[in-house]
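Asker: Listed below, chain by chain, are the residues.
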Amino acid sequence: MASEQPGFWARVQRASVERLHIRLESLVVLLALSTAMALLSPYFLSLSNFLNILLATSTIGVLAIAATFVIGSGGLDLSLGSVMGLAGVAGAFVAVNLGWPSVFAVIACILAGAIAGYINGQLVTRAFVPAFIVTLGMLGLARGLALVISQGRAIYGLSPEIVYIGQGRPFGIPMPVIIFVLTAIVAHAVLAYTRFGRHTLALGDSEGAARAAGIRVEHHRRIIYTLSGALAGLAGLLFTARVNAGDPTAGINYELTAITAAIIGGTNLFGGRASILGTMIGALIMGVLQNGLTLLAVQSYYQQMAIGAVLILAVFIDQYQVRKESRV
Amino acid sequence: MTLLSLRGIRKSFGAVDVLHGVDLSVAAGEVVGLVGDNGAGKSTLMKTITGIYRADTGSIEFDGKDILALDPGQRRRLGIEMIYQDLSLAKQQDVASNIFLGREPTKKLLGLFPGFVDKSEMDRQASKMIERLGAHLPSINRSVGSFSGGQQQTVAIARALTFNPKLVIMDEPTAALAVREVQSVLDLIRRLKSEGIAVILISHRLNDVLSVTDRIVVLRHGRADADLVTANTNMNEVVSRIVGGGDTAAAAAHEQRG
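Just so you know, the sequences run in chain order A and B. Position one of the first sequence corresponds to residue 1 (full-length UniProt numbering), numbered consecutively onward. Position one of the second sequence corresponds to residue 1 (full-length UniProt numbering), numbered consecutively onward.
These aren't lab readings, by the way, just hints derived from the structure by calculation. Backbone N, C-alpha and C fix where the C-beta goes; we use that ideal spot for every residue, glycine too. Hints may be right or wrong, so weigh each one.
[Claimed, not checked] In silico SDA-like cross-links for lysine to any residue, where the CA-CA straight-line distance does not exceed 25 Å:
1. B:Lys128 with A:Ala192
2. B:Lys91 with A:Val217
3. B:Lys107 with A:Val186
4. A:Lys324 with B:Gly150
5. B:Lys108 with A:Lys324
[To be verified] Pairwise CB distance ranges (calculated):
6. B:Lys91 with A:Ile185: 22 to 32 Å
7. A:Ser48 with B:Gly115: 35 to 45 Å
8. A:Gly208 with B:Met1: 47 to 57 Å
9. A:Leu269 with B:Leu112: 31 to 41 Å
10. B:Gly115 with A:Val103: 21 to 31 Å
11. A:Gln151 with B:Pro105: 18 to 28 Å
Okay, chain A solo, but in the shape it has when bound (with noise of 0.2 Å):
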């Protein structure tokens, strides 16, 4: 009988899922990490630490929002880094080359994304070509052509008021931090509260449900792609003002990252469950442990794997909870 009942773990578990639509795991993962870190390194826990591990996840962490709308929707986008990567260089070479005013080199950033997530979206949808091949073919053709835009070679000599997107600290909180906030909040409303999110998941967990309820499924993932892409733009704007430079190589392996975080976060690899709160655990979750392991002096080429063994991991737990729970 007793067993019938679920345990407080349990009940817990359900209600965090049900209202706040995040994993209880990966808040505790978040925890026990930053515990560790704190008592490994004296400098971790200062303001400061947290500032930097906020900023580092900025960037980061508007991919990994972008990867949880995708993958929500029972997509993928690989091309997440390179479109960043050609999005700051379209920026900086509207700013620098043509020589035009500042918010056309911040139009030309989301604009640039947003094009190459339509092309992604447009093939998926129309050409039937499947999303996992036209965004890895996208992640050589945006690279490609940030490079050639600007030949291989970084874009400096960005404006002032550029720099302050990245570099600016109002009230000293750095900018891309704020704006990765205020982007997650509008993010996570629209995931969660809204039809259009309410849409995106039930898209990801059945397409002939969606289908059969009108949603018009393929105009669905073009705009899906298209803000995915938009988001690569945003990124790329923030990249590209932090280190002042539009650089071709910027972003490189960072849809890793952020696929990661959006995985750890307790998005379905396969669609139909995320949240843009429980991937901004994620994105937190990868900000600390590549902080932590920068303060305890770990090679950056140890980074990469812990972040490759830390997605499979992820993964891993998730499908097992998902058997587990279809067992019963």
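Starting from the known structure of chain A, arrange chain B on it as the hints suggest.
Answerer: Below, chain B without anything else, positioned relative to chain A:
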């Protein structure tokens, strides 16, 4: 009063004739079982009713209107609803999300931002739907995939009811269910009938068909071969009509065992 009336429906796909002039009528609030062997044309006939297929010749009248030329969306608005065998549910979403998928009630957030889903209103209406069906679900906030087959069937029927249908077509609703759950789905069908909603039940489980329907129509080789009043027939007769003579006693015995 006749709600649905089909006369001389023919449908062929290329050289393959599937329906050879089917006549079928359903009265308001009537439960009609549609049975027949595999390939008899049951699904094709249902799809000509919902409008997914267009009949080659013949007439379809629904609620006194000729609906032959209408598309599936228009027919649904007139009150024809179909529940497919796979139920078309989004398994990771909760009950209300499934019932209102695509038609979520919205409100403005802080009176400013439109397009926000009114979740509490949605949950309230969903609970009312489930209650109206006299059904019980563990929790309205759980994902539908965690429910049993019969409970999922309940959600699918509740969703169909939100369209205020006059006719609900159900494709093998009891095929994948545990014995105990079959009864609750049959109760749901009786509940629909008591609300004046007509039901066409497609099923291979003749026991279920015999226990819940008013009439049984046997489809054989693309024709409505028999139209039996359920109260005046039995398993043997239905089976013999399905297989068309031969060793009907043995077939019926097999059916009853199955």
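Asker: Which of the listed hints are not met by the structure?
Answerer: 5, 8, 11
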